[in-house]
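Chains as they are written, first to last, in this note's numbering: chain A, 797 to 1029; chain B, 10 to 227.
Simulated from the structure, these hints should not be mistaken for lab results.
No residue lacks a Cβ here, since even glycine has one placed at the ideal position from N, Cα and C.
Heads up, a few of these hints could be off.
[As the list claims (entries may be wrong)] One-sided excerpt, in silico: chain B residues whose CB lies under 8 Å from chain A:
{"hint": "1", "residue": "R16"}
{"hint": "2", "residue": "L79"}
{"hint": "3", "residue": "G98"}
{"hint": "4", "residue": "A121"}
{"hint": "5", "residue": "I177"}
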Amino acid sequence: MKLTFSQGVGRPMAAGGSEPVPRGARSGTGRLAARLWRKGSIAGLVAYSLALGGLLGLASADWATSGGYPFGGVQVGAWTAWPRAGAASADPYTRAVNARRGEIPLAVGEGLLLTAASDDAGQALDATCTYRIGGGTPPARAWTLTVAGRGPRAPGRPALREGFTSTEVLRSADGRFAVVLAPDVQPGNWLPSPRASGPVRLALRLYDTPVAASVGSLDRSTIPAITRLGCAA
Amino acid sequence: MRRVTLRFVYATLVGLVLAGIVHVVAVLAIPALSEKDAVSRARASESLDHPQPIYTVATGDDPSPPEAWLPIPDPAVAVGVCAYDLADGPMRVSARTGPLSLSLAAHGRRGAFYAVTDQAAVRGALDLVILTRAQYDEALAEDDENDPSRDVRIVAPDTRGVVVVRVIAGLPSQRPAANAAVQAVSCTTDTPADEPPGKDPAAKDPAAKDPGARGAGR
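The task is simple: from the sequences and hints, build the whole structure.
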């Protein structure tokens, strides 16, 4: 960009200098060209800075607020908790993301959202793989564990089940549970993959939980572990 | 040419600084300018007496209707919103507790400033009154000490906002009931004219002044 700009500005002067014109006229046009060049370059540079500032500023603002929340997550194992997403003290980026998506986040008194995009080993969750999501949950009146792909749901795929609630999940004798996220039918708590391939995300929503006010009390042992069991492909 | 290059570098630096300023201003302005945020989208429901359903959970073979504009809704939670404009008067939200857990959250443009669940209900009823500071002072002045009110009064940070009603359906068979429970909440504007004098909200609830342990704004 820098090169083309200086070339573009430099060309009229070079062309003016090489033209075979009478001597007196040449010095006149030369002066005029020099003055134009000085003025033009300053105006050009101002326009360039304004355009650069405007475009870069708007593009970066759009980029920072178009996806998920850029800040405010608390990493706990494979999960990320978003305690401040719905609070009035949320950071400006979170507020902008909520405003652009029309999202109504859970308030601190209502519950807590945790999301996961990778398993405990750090590998991204994939729709072709089988995962075991199991263990206990932090104290909460109710929770739901849901799965979603990125973007809209694939058409023509029957909506069998999108998630489990704390009421309907099958538990073992000690109260713990294990949900299996897999493309094929599984015994127990089977959560079908939402699409044939591609990345998937898990969301754990804890409703009416004291943890929302003190996310620091969360640790790996109190949240469900995400273990990869195998991949079809 | 050397001076030109220097000037060019200078212009680039100025452009980058401008970009930073534009970025910050744009991010701060998005919530105020957005027409897709919850408060703006819910404005249509201001005249309704009941929450506008924005996410009804799927029942049986009926999928969730397309009015849902929540980006990633919880498939087991029915959501409704009541928009308010305190310029018309204080907003009263009344809910009766049922078998399903219900929560109310008051959101302004900046985010949630109050949230309460049905566990805070007194004798099966949850009454929130959202008012401005001036309306709150007025209500305090009109309080009758012999007839204490059970209302929970919340001072809103700005005049426009929404109250979000969430009802959790723990089992698929509870889903129709969850959708109905959202609709059963009433959201009415208190106007001084139609308020019966005896039932005037009296001595304020201690929880009213302080959003307390369940307050969301922190």
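We went through each hint and held it up to the structure:
{"no.": "1", "hint": "R16", "in the structure": "6 Å, holds"}
{"no.": "2", "hint": "L79", "in the structure": "6 Å, holds"}
{"no.": "3", "hint": "G98", "in the structure": "23 Å, violated"}
{"no.": "4", "hint": "A121", "in the structure": "3 Å, holds"}
{"no.": "5", "hint": "I177", "in the structure": "5 Å, holds"}
Violation of the numbered hints given earlier is confined to hint 3; every other hint is satisfied by the structure.
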